[in-house]
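Under mature numbering (1 follows the signal peptide of the UniProt record, and there is no 0), residues -19 to -1, 1 to 106 are what the sequence shown spells out, in order.
Hints are not guaranteed to be accurate.
Said to hold, decoys possible - Distance windows between CB atoms, simulated:
no., residue 1, residue 2, range
1, G25, I79, 14 to 22 Å
2, A38, V60, 22 to 30 Å
3, E83, D19, 31 to 39 Å
4, S13, E41, 13 to 21 Å
5, K26, N75, 37 to 45 Å
6, I79, E1, 34 to 42 Å
7, E1, K46, 32 to 40 Å
8, K26, N2, 33 to 41 Å
9, K24, Q77, 14 to 22 Å
10, D39, K106, 30 to 38 Å
11, G25, K74, 14 to 22 Å
12, E42, E95, 12 to 20 Å
13, E42, G76, 31 to 39 Å
14, D9, D29, 31 to 39 Å
Said to hold, decoys possible - With a straight-line Cα cutoff of 25 Å, these simulated SDA-like cross-link-like pairs (lysine to any residue) come out:
no., residue 1, residue 2
15, K23, N75
16, K44, K106
17, K47, C105
Because the hints were derived from the structure by calculation, they are not lab data.
Each residue gets a CB set at the ideal place from its N, CA and C atoms; glycine is no exception.
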Amino acid sequence: MKKIILICITTMLSQYALAENWKLITKDQDGSFYLDTDRLVKKGKTVDYWAKFVADADNEELKMKKGDYILSHNLDHCVERTTDITLVEDYLKNGQLINSTEQDPEPSSVDDDEINLAFFKAVCK
């Protein structure tokens, strides 16, 4: 039984790690934002995708070192021009997960935030 669980976990993690097609979407003063083009799924007028923020330098305010990153699972609603972030995971630059937080679905307008708008334009074209 332990072997089956270990195989399942290994398979899940290896699929997760295979996503290597990160497309640069935008940058700001704190870092770079990427879209995982391997895991982008369109369901009607809703787009399910993963985004990554990578710190370009040490940042005390964000409590991140250069190379640390955040993954977020997002749902963009193209007609409503809203986005939901359903999961946020914080990682050290070596890939060690340090925090994972599920988010309550709260749609927010993509027009209120330059970063969200950049992702919206990339996935809802």
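Which of the numbered hints are not met once you compare them with the structure shown?
As far as the earlier hints go, 1, 2, 3, 6, 7, 8, 9, 11, 13, 14, 15, 16, 17 are violated by this structure, in ascending order.
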